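Start from chain A and add chain B according to the hints.
Top to bottom, those sequences are chains A and B.
Using the numbering used here, you'd call the opening residue of the first sequence number 1 and step up by one each time.
Using the numbering used here, you'd call the opening residue of the second sequence number 1001 and step up by one each time.
Hints are supplied without guarantee of correctness; some may be wrong.
Only pairs whose alpha carbons sit at most 30 Å apart, straight line, appear in this in silico DSBU-like list of lysine-lysine [as the list claims (entries may be wrong)]:
{"id": "1", "chain 1": "B", "residue 1": "LYS1197", "chain 2": "A", "residue 2": "LYS3"}
{"id": "2", "chain 1": "B", "residue 1": "LYS1050", "chain 2": "A", "residue 2": "LYS70"}
{"id": "3", "chain 1": "B", "residue 1": "LYS1232", "chain 2": "A", "residue 2": "LYS95"}
{"id": "4", "chain 1": "B", "residue 1": "LYS1251", "chain 2": "A", "residue 2": "LYS17"}
{"id": "5", "chain 1": "B", "residue 1": "LYS1140", "chain 2": "A", "residue 2": "LYS21"}
{"id": "6", "chain 1": "B", "residue 1": "LYS1176", "chain 2": "A", "residue 2": "LYS17"}
{"id": "7", "chain 1": "A", "residue 1": "LYS3", "chain 2": "B", "residue 2": "LYS1182"}
{"id": "8", "chain 1": "B", "residue 1": "LYS1171", "chain 2": "A", "residue 2": "LYS22"}
{"id": "9", "chain 1": "A", "residue 1": "LYS3", "chain 2": "B", "residue 2": "LYS1316"}
{"id": "10", "chain 1": "A", "residue 1": "LYS73", "chain 2": "B", "residue 2": "LYS1251"}
{"id": "11", "chain 1": "B", "residue 1": "LYS1288", "chain 2": "A", "residue 2": "LYS49"}
{"id": "12", "chain 1": "B", "residue 1": "LYS1251", "chain 2": "A", "residue 2": "LYS77"}
{"id": "13", "chain 1": "A", "residue 1": "LYS42", "chain 2": "A", "residue 2": "LYS21"}
{"id": "14", "chain 1": "A", "residue 1": "LYS67", "chain 2": "B", "residue 2": "LYS1316"}
{"id": "15", "chain 1": "B", "residue 1": "LYS1316", "chain 2": "A", "residue 2": "LYS42"}
{"id": "16", "chain 1": "A", "residue 1": "LYS42", "chain 2": "B", "residue 2": "LYS1251"}
Bear in mind the hints are in silico, worked out from the structure with no lab data behind them.
All values derive from a computational prediction rather than experimental measurement.
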Amino acid sequence: MFKDIKYLILSMLTVFKHLFKKPVTLEYPEKRNIPPENFRGKPVVENCKCCGICTRVCPSGAITIDKENKVFKIDLKKCIFCGNCAYYCPHGAIKMSKEYELGTEEKEALVLNYKIGGADERN
Amino acid sequence: MSKLKLNLGPQHPSTHGVLRLILELDGEKIISCEPDVGYLHRGMEKMAEKLTYIQYLPLVDRIDYLAGFFYSELLCRTVEKAFEIELSPRVKAIRVLLLELNRIASHLLWIGAFLMDLGAVSPFFYAFREREIILQYFEKISGQRMMNNYFVFGGVRRDIGYLEDVENFLKILPDKVNDYEKLITENPIFLQRTKGKGVLDKKTAFNFAITGVNLRASGVSLDFRKGDYLYKDFEFTPVVLEEGDSWARYKARIMEIRESAKIAAQALEILKRENNLEQTLINPLTLKLPEGEYFQEIEAPRGLASIYVKSTGDSKPYRLKWRTGSYYSVNLLRKILKGAYLNDAIAISGSLDIILPEVDK
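Next up, chain A with everything else stripped away, as it sits in the complex:
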């Protein structure tokens, strides 16, 4: 009985020690977390050469390349932000940006359309 009371007091002391510490949480809408350097957020495409490697490594089939109309499409509804496309792109055309608040009210806004510059000679 005495032992039990001793342990209860000891554990209460441990809890009280934490009372005077700063909070570790972040009040989200007011304060925002700054993502680290390698963060995998919304994919951004620049100077695509149409080699099509990204479509072959994408696990969910989120990327479609329309060579005729010169449009590069990423469907964010399908994208799982794995970063495979950015890692395997030989031209460094795809980059994962730090943008992470991607919610919208229109479905169409989630399909990203990027214009392609020159076509790759190899294909």
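Here is chain B on its own, set in the frame of chain A:
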């Protein structure tokens, strides 16, 4: 007296997913327990047959979202062994460091969730606070907190950095674990709810193919890290406790956190010594696994995890099978809950560390 059939779950806050237990009660005593799994089935194994290896690699983190590194390590290892690629010491150390940090994070979450099941709230916040440091470190090096996708066939995606973060974390961790122990280990309420409850003896554990911490808490010294080629240069002692009850499983996890921290510290030493990252990466676009069958295993936080791949020499596996530790722990509930009281059902099933995405795959 008539028997009562009671559904525990599938949406119960303490099942860490969706597990349905069909309990048959006589008063407050459980006569039989029938676990009903499959609510979280995503077809992980069937999916592998339609995807190439590199397309499948980001998805394996989702088999067990609390210990994703272990499963991507298994898939990478399968390919590396098939092509007989020797990893450089730095890559090995990176992998060991991340695996052990992942194990600590997984055990920390378990401590929080288990104590929450028993009605204690403060340990949950303390454990999550420390886990957050690990997850933020993972985010810094790999880009995401849980779905890391950091290991690739033949090495890692980019060189590791921010080692001082890990150093600081390993410095404060023993103190924090002491804090948990002060709060929990000898607490009379905790002792009453766990001591002697849900006893798992050696024979039952073997019959139900239990591995990992649950087995080691029952007095069997079986740690698959001992024979693992990644852990060859690391010194550690497997945690073995004799009692086999819920309390022993708790204590074993606490001790394993300390042990993992030691391994991580050793890995850190190697990383400071070996500075250049040499790796032979496999081109994923031409990757075709030679015809044959492949099998690899690793000690995951929830028991032995293993992969079986049958390849016909194509760029996609013909058949891929995962073995995960939690699946066997769920099956054990049939035996271990029989004769227990309903009040203890959650405490016992919580102590086994069941994670449902791992069970249903």
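- Hints breached by this structure: 3, 9, 10, 12, 13, 16
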